[in-house]
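Peer 1: The listed protein sequences correspond, in order, to chains A and C. Throughout, the numbering used here is defined as the position within the first sequence, counted from one, plus 1. Throughout, the numbering used here is defined as the position within the second sequence, counted from one, plus 1.
Keep in mind the hints are simulated off the structure, nothing from the lab. None of the values given here were measured: they were computed from a predicted structure. Relax, there's no trap hidden among the hints.
Same chains, same names: a pair is fine if it fits in one copy or spans any two.
Below, a list of computed lysine-lysine pairs in the DSBU-like style, where the Cα atoms sit at most 30 Å apart:
1) 113 - 339
2) 24 - 368
3) 24 - 339
4) 120 - 90
5) 251 - 113
6) 11 - 90
7) 236 - 151
8) 374 - 251
9) 251 - 339
10) 251 - 333
11) 299 - 230
12) 230 - 9
13) 154 - 210
14) 24 - 65
There are 2 protein chains.
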Amino acid sequence: MNLDKFFKAKSIAIIGVSKNPNKVGHVIFRNLLDGHYAGRIYIINPNADRILNYKVNKTILEIKEQVDVAVCCVPAELSLKVIEQCGKKGIKHVVMVTAGFSEVGDTKTEEKLVRLLDKYKIKIIGPNCLGTLDVHTKLDTLFIPRYRMKRPKPGSISFACQSGAVASTILDLAATEGYGFAKVVSYGNALNVDESDLLEYLGEDEETKVICFYIEGIKNGRKFIDIAKKVTQKKPVIVVKGGITSEGSKAALSHTASLAGDVEIYKGMFKQTGIIHCESLEEMFNAARILEKSVGPKGNKVQIITNGGGYGIVTTDAVINNRLIMAEMDKKVVAELKKNFPPIVIVSNPMDLVGDATTERYNIAIKAALEDKNVDIIIVVALLQTPLITPDIIDIISEYDELRMKPIVCVSTGGDFVMTLRRSLEDNGVPCFTFPEEAVRAVKHLVEYYVK
Amino acid sequence: MNLDKFFKAKSIAIIGVSKNPNKVGHVIFRNLLDGHYAGRIYIINPNADRILNYKVNKTILEIKEQVDVAVCCVPAELSLKVIEQCGKKGIKHVVMVTAGFSEVGDTKTEEKLVRLLDKYKIKIIGPNCLGTLDVHTKLDTLFIPRYRMKRPKPGSISFACQSGAVASTILDLAATEGYGFAKVVSYGNALNVDESDLLEYLGEDEETKVICFYIEGIKNGRKFIDIAKKVTQKKPVIVVKGGITSEGSKAALSHTASLAGDVEIYKGMFKQTGIIHCESLEEMFNAARILEKSVGPKGNKVQIITNGGGYGIVTTDAVINNRLIMAEMDKKVVAELKKNFPPIVIVSNPMDLVGDATTERYNIAIKAALEDKNVDIIIVVALLQTPLITPDIIDIISEYDELRMKPIVCVSTGGDFVMTLRRSLEDNGVPCFTFPEEAVRAVKHLVEYYVK
Numbered sequence: 002m003n004l005d006k007f008f009k010a011k012s013i014a015i016i017g018v019s020k021n022p023n024k025v026g027h028v029i030f031r032n033l034l035d036g037h038y039a040g041r042i043y044i045i046n047p048n049a050d051r052i053l054n055y056k057v058n059k060t061i062l063e064i065k066e067q068v069d070v071a072v073c074c075v076p077a078e079l080s081l082k083v084i085e086q087c088g089k090k091g092i093k094h095v096v097m098v099t100a101g102f103s104e105v106g107d108t109k110t111e112e113k114l115v116r117l118l119d120k121y122k123i124k125i126i127g128p129n130c131l132g133t134l135d136v137h138t139k140l141d142t143l144f145i146p147r148y149r150m151k152r153p154k155p156g157s158i159s160f161a162c163q164s165g166a167v168a169s170t171i172l173d174l175a176a177t178e179g180y181g182f183a184k185v186v187s188y189g190n191a192l193n194v195d196e197s198d199l200l201e202y203l204g205e206d207e208e209t210k211v212i213c214f215y216i217e218g219i220k221n222g223r224k225f226i227d228i229a230k231k232v233t234q235k236k237p238v239i240v241v242k243g244g245i246t247s248e249g250s251k252a253a254l255s256h257t258a259s260l261a262g263d264v265e266i267y268k269g270m271f272k273q274t275g276i277i278h279c280e281s282l283e284e285m286f287n288a289a290r291i292l293e294k295s296v297g298p299k300g301n302k303v304q305i306i307t308n309g310g311g312y313g314i315v316t317t318d319a320v321i322n323n324r325l326i327m328a329e330m331d332k333k334v335v336a337e338l339k340k341n342f343p344p345i346v347i348v349s350n351p352m353d354l355v356g357d358a359t360t361e362r363y364n365i366a367i368k369a370a371l372e373d374k375n376v377d378i379i380i381v382v383a384l385l386q387t388p389l390i391t392p393d394i395i396d397i398i399s400e401y402d403e404l405r406m407k408p409i410v411c412v413s414t415g416g417d418f419v420m421t422l423r424r425s426l427e428d429n430g431v432p433c434f435t436f437p438e439e440a441v442r443a444v445k446h447l448v449e450y451y452v453k
Numbered sequence: 002m003n004l005d006k007f008f009k010a011k012s013i014a015i016i017g018v019s020k021n022p023n024k025v026g027h028v029i030f031r032n033l034l035d036g037h038y039a040g041r042i043y044i045i046n047p048n049a050d051r052i053l054n055y056k057v058n059k060t061i062l063e064i065k066e067q068v069d070v071a072v073c074c075v076p077a078e079l080s081l082k083v084i085e086q087c088g089k090k091g092i093k094h095v096v097m098v099t100a101g102f103s104e105v106g107d108t109k110t111e112e113k114l115v116r117l118l119d120k121y122k123i124k125i126i127g128p129n130c131l132g133t134l135d136v137h138t139k140l141d142t143l144f145i146p147r148y149r150m151k152r153p154k155p156g157s158i159s160f161a162c163q164s165g166a167v168a169s170t171i172l173d174l175a176a177t178e179g180y181g182f183a184k185v186v187s188y189g190n191a192l193n194v195d196e197s198d199l200l201e202y203l204g205e206d207e208e209t210k211v212i213c214f215y216i217e218g219i220k221n222g223r224k225f226i227d228i229a230k231k232v233t234q235k236k237p238v239i240v241v242k243g244g245i246t247s248e249g250s251k252a253a254l255s256h257t258a259s260l261a262g263d264v265e266i267y268k269g270m271f272k273q274t275g276i277i278h279c280e281s282l283e284e285m286f287n288a289a290r291i292l293e294k295s296v297g298p299k300g301n302k303v304q305i306i307t308n309g310g311g312y313g314i315v316t317t318d319a320v321i322n323n324r325l326i327m328a329e330m331d332k333k334v335v336a337e338l339k340k341n342f343p344p345i346v347i348v349s350n351p352m353d354l355v356g357d358a359t360t361e362r363y364n365i366a367i368k369a370a371l372e373d374k375n376v377d378i379i380i381v382v383a384l385l386q387t388p389l390i391t392p393d394i395i396d397i398i399s400e401y402d403e404l405r406m407k408p409i410v411c412v413s414t415g416g417d418f419v420m421t422l423r424r425s426l427e428d429n430g431v432p433c434f435t436f437p438e439e440a441v442r443a444v445k446h447l448v449e450y451y452v453k
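Bound conformation, chain A alone (with noise of 0.2 Å):
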């Protein structure tokens, strides 16, 4: 299902604007207006006439131009006479944040609002959602003030997450973190565009490297399952699955009126069609990170290198207890660096490069490890805390990373003064991750994804 609209609309309106700049229409006005949206914006309001200086109309149907996508943002009450409207005023794509349908038990207004969008060729999404982010082109119909939810810089992940408060909260945090996204959607009730049309979208989107989900339940298996398949081939799908408790499906049923379904069915499925599925939408997000920025491994042997003895062994309880393998270095590679090592370095795996370790060595033992064939992966733990690491580290880490030739992965762990190293090693496309438990569970998804 081609949504290009959704994401690139040369013409909005937002039906429902109020002068109260806490109410749902207002917000989404401002952060178009705030994040320099490049269209144009028309609002509607029938009993206002100018909103923060912008002349507002009575209705739809007084705006003489064309009209790309509503945004509807009344009440339930009113949604039917709106979408009415729309229709008449051949406008084809909604996004309806407006709230309390089937999720609230109302299926007979809901059934109303699906006769009329097929009645007029509509495409929703919504209702009973946060919206749309294009974060190319700046389209951005979510419903949050912007200096509440930061909005995260381009980049290649999309996002489609039937819950609004999951997909704004970790755009925010992706944001304050410096993670890159390109498409997001909140799409909740999904009454026409369901998780399987922003699947097949997203597959196509040559803007998307990666596509994560947040689903609740699935309303057309058999569709879903096929179109999976077909997109798991080109680019990595991450699912997240709400309600894989029973007690959670339960309470998924009340959100967005969705059948949860059996916990097996679903994890069989995922692994039918290649979805990556993940416990935590914290799981998730490190995936999708280095889905993202790492090329691809040619198998699962991990070489651990570290300034931390502590921190290779935890590395290595990881790297096990993820069912990867610990690499074993070529025996002429081991004696080459025993030579350029002091005695105290431990050439093994995990390499230990130990406390007084210079940049120097980092750069030797990563060297080694490129060219090493019995290495896929490296693991550079940089305790940058040490007096003699030099933060030039960064620009020879980030060099290996541009060859390609394996994936390499970063844990550092600390405050500022490392989360300022950090960020210039993300920034140069290195995936970093505070803690070694996590970095490993991230480079299995990598390995289950590009290793069959």
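Given chain A, work out where chain C should sit, using these hints.
Peer 2: Leaving out everything else, chain C in the frame of chain A:
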């Protein structure tokens, strides 16, 4: 074993202070000065007169006054001579950061060192360690510069760590995230002050409310078990075991010469002694924060209050997966709440106050859960990005938390705006988490400790 001197020494000598600001002895000296340690500081270097405008002594024997603790930073080959001199000077407490003993295969020098320590009745932290930190007295022998590694604020978590790298990076992270610590000790090869002695001491220490341990091996299992059984009756002890896999265990052998031992034996020991075993460093400090701050729960029944449906579901899944119980509030309370809330609110568990939730809705919901006998623990998922939440939600949650009736735990995911509010909540004593899964896992450990 009374180890007070290591943390409350009134005078300290650093043996091996170079003029080079990158060298270990110099860094420790600078840290004591910059950290405003109130005791007397002596520095030793046979080849210098003044360093940082301080008088330098040729040897420890030149010093007339009493020295409570000596920090030994000379290379391994000089260490025996230095200890001999410390013995003659009558120093009974030494922190030895020097590496290059049994952990690199030199057991002979280490044996000689042990004999010297016996002869002069010297207690030693190390060798091959990072040092010690008392956040209250500011006695700080950690050899990482303060600009690279922040020191945490005073608090009541103490941390004994067999790995210097793990200790330093976790402290740095904790300092940045605003968590408080009491005492920290990286004990390395543990020649005559081992993990059991530290456990016993921290168990008696009044400034310590929660004890965290990173261990690779235990020297004397029987002694550790006996002490652990007593200490866990008084305060929670949390352990991460490095080398829990056989590959990790091999790495532990080259790191601190620890025989890491069989996994199942360790797990059995943790269970038998009431030690809380965590799988990762992240999990340990999440557990420590909640155990430090929260009142003990009476049972394991959790009530979730949220303004985001998806978060309610994900949190429910986590509650079930961690084998906690979803609370069922009293029917009368539910009926009363329904009267007070608009119909869109889902008064259940999770209680979904929905996206237009006000601070007052949270107020009503938390109060009801606090007073309902069917609820033992309250998880408040507050997505602070939504427009109608006002910052005074911080005061409301904090005031309920201060009643010390039930544990209240907060989940807030997001960026700068959220983090600013969240830090106030933390400062007021409410443990806060980014993701539902980590919050619930921490709650599980709280229940594990208090509910038998």
